[in-house]
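These are the residues of each chain, in order.
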Amino acid sequence: MSAEDKIPVTVLTGYLGAGKTTLLNRILTEPHGKKFAVVVNEFGEVGIDNDLVVGADEEVFEMNNGCICCTVRGDLIRIIESLMKRKGRFDAIIVETTGLADPAPVAQTFFVDQDVAEKTRLDAVVTVVDAKWLSERLKDAPEARNQIAFADVLILNKTDLVTEAELAAVEALIRGINPYAKLHKTQRSAVPLDAVLGRNAFDLDRILDIEPDFLEPGHHHHHSDEIGSIAITVEGDINPEKFMPWINEFTQVRGPDLLRCKGILAFKNEPRRFVFQGVHMILDGDLQRDWREDETRQSKMVFIGRKLNRQEIEAAVEACRA
Amino acid sequence: MTTQAQTSLTQNVTALDGGDHVITAAFIGAHPVLALADGCVKIITDGQTKSLAPHTGAPVLLGCVAGDTLLTGGEDGKIIATSADGSLTELADNKGRWVDALVAGPAQSIAWSCGKSVFCRDGKGQIRTWDAPSSVRGLGFLPKGYRLAIAHYNGASLWFPNSEAKPESLDWKGSHLDLTVSPDGRFIVTSMQENTLHGWRLADKKDMRMSGYPSKVRSLSWSHDGQWLATSGAEAAVIWPFKDKDGPMGKPPRECGVRPAKITQVAFHPKSLVLAIGYEDNCILLCRLTDAAELLVRRPVDGAGSITSMAWDGAGKRLIFGTSEGQAGLLTLP
Numbered sequence: 003m004s005a006e007d008k009i010p011v012t013v014l015t016g017y018l019g020a021g022k023t024t025l026l027n028r029i030l031t032e033p034h035g036k037k038f039a040v041v042v043n044e045f046g047e048v049g050i051d052n053d054l055v056v057g058a059d060e061e062v063f064e065m066n067n068g069c070i071c072c073t074v075r076g077d078l079i080r081i082i083e084s085l086m087k088r089k090g091r092f093d094a095i096i097v098e099t100t101g102l103a104d105p106a107p108v109a110q111t112f113f114v115d116q117d118v119a120e121k122t123r124l125d126a127v128v129t130v131v132d133a134k135w136l137s138e139r140l141k142d143a144p145e146a147r148n149q150i151a152f153a154d155v156l157i158l159n160k161t162d163l164v165t166e167a168e169l170a171a172v173e174a175l176i177r178g179i180n181p182y183a184k185l186h187k188t189q190r191s192a193v194p195l196d197a198v199l200g201r202n203a204f205d206l207d208r209i210l211d212i213e214p215d216f217l218e219p220g221h222h223h224h225h226s227d228e229i230g231s232i233a234i235t236v237e238g239d240i241n242p243e244k245f246m247p248w249i250n251e252f253t254q255v256r257g258p259d260l261l262r263c264k265g266i267l268a269f270k271n272e273p274r275r276f277v278f279q280g281v282h283m284i285l286d287g288d289l290q291r292d293w294r295e296d297e298t299r300q301s302k303m304v305f306i307g308r309k310l311n312r313q314e315i316e317a318a319v320e321a322c323r324a
Numbered sequence: 004m005t006t007q008a009q010t011s012l013t014q015n016v017t018a019l020d021g022g023d024h025v026i027t028a029a030f031i032g033a034h035p036v037l038a039l040a041d042g043c044v045k046i047i048t049d050g051q052t053k054s055l056a057p058h059t060g061a062p063v064l065l066g067c068v069a070g071d072t073l074l075t076g077g078e079d080g081k082i083i084a085t086s087a088d089g090s091l092t093e094l095a096d097n098k099g100r101w102v103d104a105l106v107a108g109p110a111q112s113i114a115w116s117c118g119k120s121v122f123c124r125d126g127k128g129q130i131r132t133w134d135a136p137s138s139v140r141g142l143g144f145l146p147k148g149y150r151l152a153i154a155h156y157n158g159a160s161l162w163f164p165n166s167e168a169k170p171e172s173l174d175w176k177g178s179h180l181d182l183t184v185s186p187d188g189r190f191i192v193t194s195m196q197e198n199t200l201h202g203w204r205l206a207d208k209k210d211m212r213m214s215g216y217p218s219k220v221r222s223l224s225w226s227h228d229g230q231w232l233a234t235s236g237a238e239a240a241v242i243w244p245f246k247d248k249d250g251p252m253g254k255p256p257r258e259c260g261v262r263p264a265k266i267t268q269v270a271f272h273p274k275s276l277v278l279a280i281g282y283e284d285n286c287i288l289l290c291r292l293t294d295a296a297e298l299l300v301r302r303p304v305d306g307a308g309s310i311t312s313m314a315w316d317g318a319g320k321r322l323i324f325g326t327s328e329g330q331a332g333l334l335t336l337p
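These protein sequences, in sequence, are chains L and Z. Heads up: take any position in the first sequence, counting from 1, add 2, and you land on this note's numbering. Heads up: take any position in the second sequence, counting from 1, add 3, and you land on this note's numbering.
So here's chain Z without its partners, still in its complex pose:
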């Protein structure tokens, strides 16, 4: 632990009924929800847990929140939307192909990929497809317009699903994994196989390299004001400044939450410069950027695995998290 005195919020955490590897811990509306690797989706309402099997027994591979629903992609190749009342809607059936990336966009649109195939479904249910030059790993909608950024081998592509035009390409050699778009739409950042981040400024496609990580960066989170990008992958949360027009170029990143354990998940508070940091030893800290003050949310528990998913509710009053060994919890801020 750091030498700095820590105030603890551990009393404000209630355990949730997980069970298996937590793929997604999130909120749909006011309801905490967990999607587990064994295929189970759990919705918590007033302390009561409702268990569903949206993929009829098949494991869940990935999940994300879309409006008031939780989207899950299963080993059955289907994408199912689960509502807080427990109703299930099948949005897509990829005939057994695994969904590799899944993201929600503006106006109830969603996008996903299976291998090289990218699919965009608008709010009316119209599905468009595009075949990327290689397998797709990460997707992200731009904040304006109906435009999707797609990470793949040797770069990323920008696709207007409603246009016949060939997608615009952003080139950078190597295998690009997760992708995120800055809230103002000026920057696209991908994580790479070689333990680095790569970014492009869309205005002029200027490249940005953010390196120095000891492992792959698999969690990326923007601050509410869009000025900071927090990242996992090191024994400190590495936070890059994106305020200026050059983004983080020539500026050192901020670091916080230094502990002798690798960070697996980061989640910025939706209203203030507070970062939730989840570690490989399932410890969780809150860190305030302005003065580096730390608050302990969860002490590491032996055998509980790593933090695999973490999310704030819209008001920023509650934080939900889950681990690779099926533990889960809910922090309610005092």
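This is chain L alone, in the form it adopts within the complex:
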């Protein structure tokens, strides 16, 4: 089955009360002519406006593959197996997680389970953040930090409940954790549909550039055990024979602390760009299109995770120069 034939899956996360269900109902009721299958973990007070809503148990299983952070959602594997027997019934799947959920097992399910990966593809992780309560949540809920770090798309919601200065502060907090996700400031979760659907965030062919989506990156005032991001740019070529063993070992050893990584590399004597992306220990990489004449052959990488040591990573990447 080719990538286009696979059913796209959008994972919707966010802390309790941030506006996930509002966003979900917005997606479902827009006049897009699309049919969705929605997987939810708790039937909340707000009803879900859709024909096909499936209740899940949010059961996280460890895989017996020697990889301690390789967890999957067993219930999701079972639900998708059943859903995929009815062809043509829906165009896309939306998985809404509970407010306390770690997005990693959901995301990993789409890479680790062969049967699920054959029929569906993870489109993006969308995290809804409450502008008023985020700073409080970050103090008492590690899940909230995880959800932001993991996101491809961030919906900074309820901006009408804070002052401009408070909004700027909360945005800086988010960018301290994840400067690379697309960020949309909203009230009542109002975003255009194409901001959250059809993102292809895990498609190597769509990794076009790695630029922080924020004007002032690099405030590293967080503690080292907190989640943060490290971006590295290397001018000139990289030696794949040095880089590949390093990135494989790094993701295996540091996998539990490494939430997401992404890179575009210039390999020596290779006219094509090498792109990679990873979720914990799961790493996916391939040669992509040619470097264009108007592009500088440089290598960029970003790592988002806990306890990441900038000096250590920089030195390791530096040692991979061609």
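Please keep in mind that the hints were generated in silico from the structure rather than gathered at the bench. Among these hints, one or two may not hold up.
[Stated by the list, open to error] List time: in silico DMTMM-like cross-link candidates among lysine to aspartate or glutamate, alpha-carbon distance up to 25 Å:
1. Z:Lys-265 with L:Asp-117
2. Z:Lys-81 with L:Asp-59
3. L:Lys-270 with L:Glu-228
Chain Z: place on chain L using the hints.
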């Protein structure tokens, strides 16, 4: 195809009117029956097809034969028994919860699960429930007594529904999927998320690992004499010997029906050592264990999907099958 000369039975196959993804192809009494993902149950009598909608329009998630009825679990959360005459009996209503596993047992008992909850209904209609430590994927009745084996995360449990005693646990780390009990009740085998099988010898709970599969094993079938367990999941039917007291331990499995396509369904003949093998490309072969002779039942057809269900009738004269693209057929042995 294999280089071995094949005799063909393709002339003995008649097409059946499927339509949607075949969840269950089976026989109730002498009647071929198909349960389709779109919610339709079709009963074939003398070439005439009767279409029913036991779940009143809701899709069918899974099905199995119980005596002279077909049981189906639907997206409506109900379990319905369909008889050959078309009459429908509601056996359970799980209030919209999806039924994840469904199995028929001795003395008209049935068992099913929704999430962690396991339900056993005896022939008199008395329902007992037990909550497993995690979501349940596979169920199997033991041949003797009213006892159910339950596959879940990190192992399996053995439950006497009529007893207050805590179910006995069989531990093995990982996510266990389908479950089967050997016909003599000596062994329990589960398929696992990590493309392996795990087995326990019940006498002493000795563990058995059967690995080497390139994908998940989702179809398991015992030979009529209980001495062999055939499995899907590879490009050959992998058949484990269970004759000896150690089961397959230290013995290599037999392989048959090697083709460049993954096997999705296996079904042993009810009276002889002949295995029906269904592939992901919807080809079907019969393979005789004694001399590895192969007979072609169905040539692969482009776009017809994979074989999703296959069953022999009680006499072993007919084989029914269905595919993920809604094709179905009936083989009548000459």
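Now the hints, each set against the structure:
Our distance criterion of 25 Å between C-alpha atoms is met by Lys-265 of chain Z and Asp-117 of chain L, whose separation comes to about 13 Å. Among the hinted pairs, Lys-81 of chain Z with Asp-59 of chain L is consistent with the structure: their alpha-carbon atoms are about 19 Å apart, no more than 25 Å. Restraint check for Lys-270 of chain L and Glu-228 of chain L: the C-alpha separation of about 35 Å exceeds 25 Å, so the hint is violated.
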